[in-house]
Amino acid sequence: MNQPDVLHLCMGSACHQRGVYHLLPKLQALIRQYNLEDRLKLKGSFCLGPCTYGIVMQFGGEIIVNVTADNIEQKLREEILPYLVDEEV
Amino acid sequence: MNSFYDIFEMGLSRAGEELCGDQVKVFQGDGKTIIVLSDGLGSGVKANILATLTTEIIVTMLKANASLADVLETVIGTLPICKIRRIAYATFTILQINSTTGEFELINFDNPAPFFFRQGRLLTLPVHREEILGRTIERTQGQLTRGDFIGIMSDGVEHAGMEITLDFGWGWDSVARHIEEVFRHNPHSARSIVRSVIARVHTLYQGDVGDDATFVGVLARERKSLIVFTGPPLDPDEDDRHAARVLGFEGRKVVCGGTTGNIVARYLDHPIDTDIDTLREDVPPIGYLPGIDLLTEGILTMSRALEYLRASRGSIAALPADRNGAVLLAKELLQADSVQFLVGQRINEFYQNPLLPRNISIRKSLVRELADFLRSLKKEVRIEYC
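Here the protein sequences come in this chain order: A and B. Take the first sequence: its letter number 6 is residue 6 in this note's numbering, and every next letter is one higher. Take the second sequence: its letter number 152 is residue 152 in this note's numbering, and every next letter is one higher.
The hints are simulated quantities; they were obtained by calculation from the structure and are not laboratory data. Beta carbons are placed, not taken as given, at the ideal position from N, Cα and C, and that holds for glycine. Wrong hints could be hidden among the right ones.
Label pairs and their calculated CB-CB ranges [stated by the list, open to error]:
| hint | chain 1 | residue 1 | chain 2 | residue 2 | range |
| --- | --- | --- | --- | --- | --- |
| 1 | A | 19 | B | 241 | 53 to 61 Å |
| 2 | B | 383 | A | 25 | 33 to 41 Å |
| 3 | B | 376 | A | 74 | 48 to 56 Å |
| 4 | A | 83 | B | 311 | 43 to 51 Å |
| 5 | A | 25 | B | 18 | 47 to 55 Å |
| 6 | B | 376 | A | 66 | 37 to 45 Å |
| 7 | A | 19 | B | 100 | 49 to 57 Å |
| 8 | A | 38 | B | 266 | 26 to 34 Å |
| 9 | A | 19 | B | 165 | 52 to 60 Å |
Go ahead and model the full structure; you've got the sequences and the hints to work with.
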């Protein structure tokens with residue numbers, strides 16, 4: 001089996017101010033809900049850079065911006081799930 | 001000997017008095033340390049004024065290298081005369097240390113004899129008595145080495161418990177034995193020794209403190225240094241140089257700031273490992289980097305640490321029990337004797353955003369407030385901007 005892909009969630013000053021504390025448990029719940037525990041490793045990160053567009057995530061070298069607790073499921077489905085390494089490869 | 005002179009003072013006022021009749025003044029600078037403890041005649045306002053005048057005059061004049069005779073003459077000539085007792089009177093003990101060589105001199109006028117401990121054992125140093133302006137002054141000279149402890153007290157300590165728990169009070173020898181006992185538990189700071197003595201005084205008086213009681217301790221010990229690197233340098237070309245300097249610092253190393261942490265991470269070519277478990281609603285998580293003792297987010301963590309520090313009044317035990325970035329930062333700052341802040345001034349444009357709930361473009365003033373607080377605890381603080 002492959003190493004799980006890593007999703008970085010920014011926890012820098014700006015993203016913290018924008019509520020990453022409340023986003024984190026929601027994202028963790030979604031990862032369980034979609035049975036991604038073995039394929040997606042969630043990691044906290046220091047400032048990822050584009051603070052103006054926080055909350056920021058990074059996945060596979062791509063930056064995902066403007067993440068909120070409301071759109072996190074949509075972001076996960078559209079910007080992460082299609083690019084996950086297939087478990088069976 | 002690059003030792004640190006760890007100074008801590010603590011006093012109890014006589015029951016019912018708001019002002020303490022004992023006063024302590026400490027001066028550190030120009031390569032010397034001057035500590036003066038004065039016990040004013042009586043208690044309350046009058047004693048407080050006598051003692052305050054005495055300490056102020058002595059420290060001001062000694063800073064200017066005045067002779068002891070001149071200092072005494074000025075003290076005696078300045079103090080108001082008590083209408084009842086018809087004397088102008090405040091006792092005092094002076095400790096002067098040459099910060100470079102460790103040579104010290106104790107000058108005592110009518111306070112209990114100072115204590116000198118070496119490796120936790122009471123040592124009797126030769127005392128020279130001399131008459132100056134009709135008053136007997138006791139002088140003791142010596143050389144401080146690492147582990148030495150000097151204790152200065154007002155008679156309220158020696159007399160603790162008199163007529164309450166003990167017929168004649170605690171007594172000089174018993175205070176000395178108490179300090180020796182504290183040394184058996186390896187005290188790491190002047191604070192722990194002084195607090196233990198004053199706590200005992202309080203117990204002996206059973207809360208009904210009969211006289212102002214003050215104890216000042218000086219412990220010569222290894223200097224604990226800390227560097228705090230916060231904020232990216234103005235010139236990005238200097239990033240590596242500053243990162244290297246922080247990593248090469250002799251002492252504990254703390255980095256506060258996401259961008260600042262990334263600068264050190266890039267220099268080390270090692271990713272930051274973020275510890276999500278330390279994320280709190282009001283404090284971002286800490287991270288780990290080899291060679292760095294503590295890595296935190298910047299502004300939010302430092303502001304919270306400042307709040308914790310103020311609430312703790314400088315006591316590590318009074319910090320919240322939680323393990324988060326701000327508590328850990330506060331602990332590092334309290335454990336250090338000397339703190340060097342290396343403050344980068346590059347501005348993160350996002351932090352000017354008025355939509356943010358809190359102003360996070362305040363690094364400089366925050367560092368200054370932290371520095372002021374640490375200086376109030378007699379720590380050496382330097383701020384360098386880059």
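A quick look at each hint next to the structure:
1. Between residue 19 of chain A and residue 241 of chain B the Cβ separation comes to about 36 Å, which falls outside the hinted range of 53 to 61 Å.
2. Our hint of 33 to 41 Å for residue 383 of chain B and residue 25 of chain A holds, since their Cβ atoms are close to 39 Å apart.
3. Taking the beta carbon of each, residue 376 of chain B and residue 74 of chain A are about 51 Å apart, inside 48 to 56 Å as hinted.
4. One distance hint, 43 to 51 Å for the beta-carbon pair residue 83 of chain A and residue 311 of chain B, holds here, with the actual separation near 47 Å.
5. A C-beta distance of roughly 51 Å is found between residue 25 of chain A and residue 18 of chain B, which places it inside the suggested range of 47 to 55 Å.
6. For the pair residue 376 of chain B and residue 66 of chain A, the beta carbons lie near 44 Å from each other, so the given range of 37 to 45 Å is met.
7. For residue 19 of chain A paired with residue 100 of chain B, a C-beta distance near 53 Å keeps the hint of 49 to 57 Å intact.
8. Range check, residue 38 of chain A to residue 266 of chain B: about 31 Å between beta-carbon atoms, so the 26 to 34 Å window is met.
9. As the Cβ distance of residue 19 of chain A to residue 165 of chain B is approximately 58 Å, the hint placing it in 52 to 60 Å holds.
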